[in-house]
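Chemist: So the chains spell out like this:
Number of protein chains: 2
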Amino acid sequence: MVLVNIILMGFGNVGKAFVRLIYQKDKSCERRYGLRLNLAAVLNSRGGVLFPEGAAGRNHLLDRNGAVDMRESPFWKTGRSLEEALEALQTGVFVECTPSDVKTGRPAIQFIRQAIDKGWHVVTANKGPLVVDLAGLRQSADKKGVSLGISGATAAALPTLDVALHSLAGTEIQCIEGILNGTSNYILTRMKEGVDYSTALEEAQEKGIAEPDPAQDVEGWDTAAKILIITNSVFEAAYTLSQVHVEGILNIPPELQAEARKKDEALKLIGRFDNRSGVPRLETKLSLITPIHPLYHVDGTQKGITFSTDTMGSVTVTGGKSDPRGAAAALLKDIINIVNR
Amino acid sequence: MVLVNIILMGFGNVGKAFVRLIYQKDKSCERRYGLRLNLAAVLNSRGGVLFPEGAAGRNHLLDRNGAVDMRESPFWKTGRSLEEALEALQTGVFVECTPSDVKTGRPAIQFIRQAIDKGWHVVTANKGPLVVDLAGLRQSADKKGVSLGISGATAAALPTLDVALHSLAGTEIQCIEGILNGTSNYILTRMKEGVDYSTALEEAQEKGIAEPDPAQDVEGWDTAAKILIITNSVFEAAYTLSQVHVEGILNIPPELQAEARKKDEALKLIGRFDNRSGVPRLETKLSLITPIHPLYHVDGTQKGITFSTDTMGSVTVTGGKSDPRGAAAALLKDIINIVNR
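If you read the protein sequences in the order shown, they are chains S and P.
One point on numbering: in numbering that gives the first Met the number 0, the residue at position 177 of the first sequence is 176, and numbering is uninterrupted.
One point on numbering: in numbering that gives the first Met the number 0, the residue at position 274 of the second sequence is 273, and numbering is uninterrupted.
Treat the hints as calculated values from the structure; they're not laboratory data.
Just to be clear, a hint being listed does not mean it is correct.
The list treats identical chains as one, so a pair stands whether inside a single copy or across any two.
[Stated by the list, open to error] Calculated pairs, DSSO-like style, for lysine-lysine (alpha carbon to alpha carbon, straight line, at most 27 Å):
#: 1; residue 1: 142; residue 2: 76
#: 2; residue 1: 284; residue 2: 206
#: 3; residue 1: 143; residue 2: 117
#: 4; residue 1: 191; residue 2: 142
#: 5; residue 1: 261; residue 2: 191
#: 6; residue 1: 191; residue 2: 284
#: 7; residue 1: 262; residue 2: 284
#: 8; residue 1: 191; residue 2: 262
#: 9; residue 1: 191; residue 2: 143
#: 10; residue 1: 142; residue 2: 102
None of these values were measured; they are calculated from a predicted model.
Please build the complete structure, drawing on both the sequences and the hints.
Modeler: Encoded structure:
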């Protein structure tokens with residue numbers, strides 16, 4: 000049995016879902032993978048809990064109503080820092096779930112650097128640091144002999160990088176196309192059904208699919224960040240967000256919609272890396288795709304990704320739960336695969 | 000740079016495609032994975048070539064017309080055996096591509112045992128030995144500290160096991176459904192388009208999709224073998240072929256076809272492991288599926304597989320080239336992932 004110390008930073012929806020998941024999966028991880036997951040510290044911007052050895056356990060982060068909470072824990076301390084937790088514990092896996100800032104990567108990028116410096120593996124659901132400096136973080140991790148798991152930041156429960164790096168090992172990936180943002184795909188699907196943009200957006204917000212400020216999603220930046228991270232990871236490249244040609248789903252020309260309808264094609268917001276012409280191009284583009292395109296039927300909040308290769312043809316992955324539990328499951332997957340490598 | 004000695008057994012379509020692929024990919028495998036692939040011996044039932052150290056190379060197995068052949072090689076010897084090659088070489092990866100016999104597993108199962116006993120990793124495109132005794136082979140491999148790569152035998156270029164074991168690590172897979180046989184799916188697709196069974200089969204044979212004797216495919220045994228191997232591998236189980244309820248696509252009741260047409264559903268031959276009721280069931284079943292089923296649009300010779308999980312929802316993979324080159328690429332993938340583990 001291998002003991003896996005875990006420090007979780009960030010206690011929003013995904014962080015809380017991760018705590019629940021660890022509580023639920025601890026026994027099966029012992030049985031199936033020989034891993035004893037020890038959630039040893041949980042932190043947010045105000046403070047955190049740090050369990051003394053042997054005290055980490057299911058009850059400490061459940062309040063009297065069964066909700067995941069840490070303010071009621073006897074181990075809570077305001078102002079507790081990541082540094083304190085890293086110092087107090089034997090190395091393990093640092094799990095980063097704070098809010099994403101794709102411009103600066105902060106504060107997550109600093110937390111991740113701290114953890115790597117102390118010899119911790121890192122698993123993150125946060126796109127910010129990866130958009131800003133994936134190559135640098137990867138280099139630091141390599142130098143320290145630790146791993147960086149980023150499934151949680153690259154479409155989470157939809158496997159993208161695993162497939163590219165593992166299942167397609169040995170192929171040349173010539174093109175990657177992804178429907179990587181549930182909100183914009185939901186809106187486009189509803190528009191295809193005849194609903195106008197504003198109504199579809201309102202619907203999405205009412206259902207909790209779209210955020211109150213949907214700009215990142217509908218302007219294409221979320222898709223751009225994801226295709227950028229996937230591309231940089233697959234090709235060990237260092238493209239920047241400014242090199243991605245970004246379109247959103249705002250102000251769709253009515254003639255494009257009419258054309259789609261006439262030809263029975265679908266308008267999709269596709270994150271794309273394309274090297275088929277020999278000149279690599281990165282874009283988030285509103286694209287008309289035909290019924291034989293493998294992403295044509297990816298509708299609603301669903302996601303999907305297609306890899307075109309030289310030797311295996313094209314391989315498409317679709318599905319994967321788009322909710323905090325799905326994201327938490329992607330974090331756990333990376334932990335298992337990193338520790339069991 | 001890691002030197003990877005390779006012995007290939009079996010020189011049919013897949014074996015020849017594998018030789019070509021190694022010749023094509025040697026430089027990129029050095030650059031990207033730090034692996035020097037050394038195809039050191041190639042054998043079939045009549046004999047084989049065994050290259051002296053340093054002599055393995057691209058020209059030795061291409062005849063004057065550029066075809067892959069070994070009878071013209073100066074290193075060819077009739078009656079050369081696997082034993083001889085295993086003795087002569089430092090351990091590496093044994094690649095098994097002889098014809099499949101799912102009843103006895105022979106002769107492949109003996110070759111694989113020989114190779115494992117001598118400390119070689121094994122990568123196989125052959126379902127026979129895996130249907131007959133996957134658990135036993137796995138156990139022998141574990142004991143010797145070597146790996147068994149079976150992607151080539153489980154839908155080849157369509158990633159199935161990778162996704163289940165790696166991308167879905169930590170989830171409980173509750174159901175697996177796959178369209179795993181191109182021939183039967185092609186025939187069903189044509190029948191949906193109004194063509195009768197015999198015409199569709201003839202078409203498939205003319206196009207080289209179906210074999211002259213299509214029994215394994217249309218009676219469901221090929222699908223059964225694949226879902227059996229996938230299930231046994233994912234759950235470390237030891238189900239036998241006799242425990243799989245097997246249906247084929249022969250004698251489809253006309254009323255089933257009429258029903259499919261009326262409801263706009265699709266008749267698909269699904270290989271299925273289902274544990275949702277708590278009582279595991281393995282079957283190859285002609286199934287009516289609705290348009291929202293993720294395999295509904297998998298038509299023609301395409302394949303696809305859907306995993307239903309507890310925490311990540313359902314994840315579907317489709318595509319992957321169904322030809323000898325795709326199968327060879329799956330063998331290469333396993334080699335890379337095994338050696339680079």
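Chemist: Each hint: holds or not?
Modeler: Status of each hint after checking the structure:
no.: 1; hint: 142 / 76; in the structure: neither (33 Å within a copy, 49 Å between copies)
no.: 2; hint: 284 / 206; in the structure: within (25 Å within a copy, 37 Å between copies)
no.: 3; hint: 143 / 117; in the structure: within (8 Å within a copy, 36 Å between copies)
no.: 4; hint: 191 / 142; in the structure: neither (50 Å within a copy, 57 Å between copies)
no.: 5; hint: 261 / 191; in the structure: both (12 Å within a copy, 25 Å between copies)
no.: 6; hint: 191 / 284; in the structure: within (17 Å within a copy, 35 Å between copies)
no.: 7; hint: 262 / 284; in the structure: within (19 Å within a copy, 36 Å between copies)
no.: 8; hint: 191 / 262; in the structure: both (12 Å within a copy, 23 Å between copies)
no.: 9; hint: 191 / 143; in the structure: neither (50 Å within a copy, 58 Å between copies)
no.: 10; hint: 142 / 102; in the structure: within (26 Å within a copy, 51 Å between copies)
The structure fails hints 1, 4, 9 (numbered hints given earlier, in ascending order).
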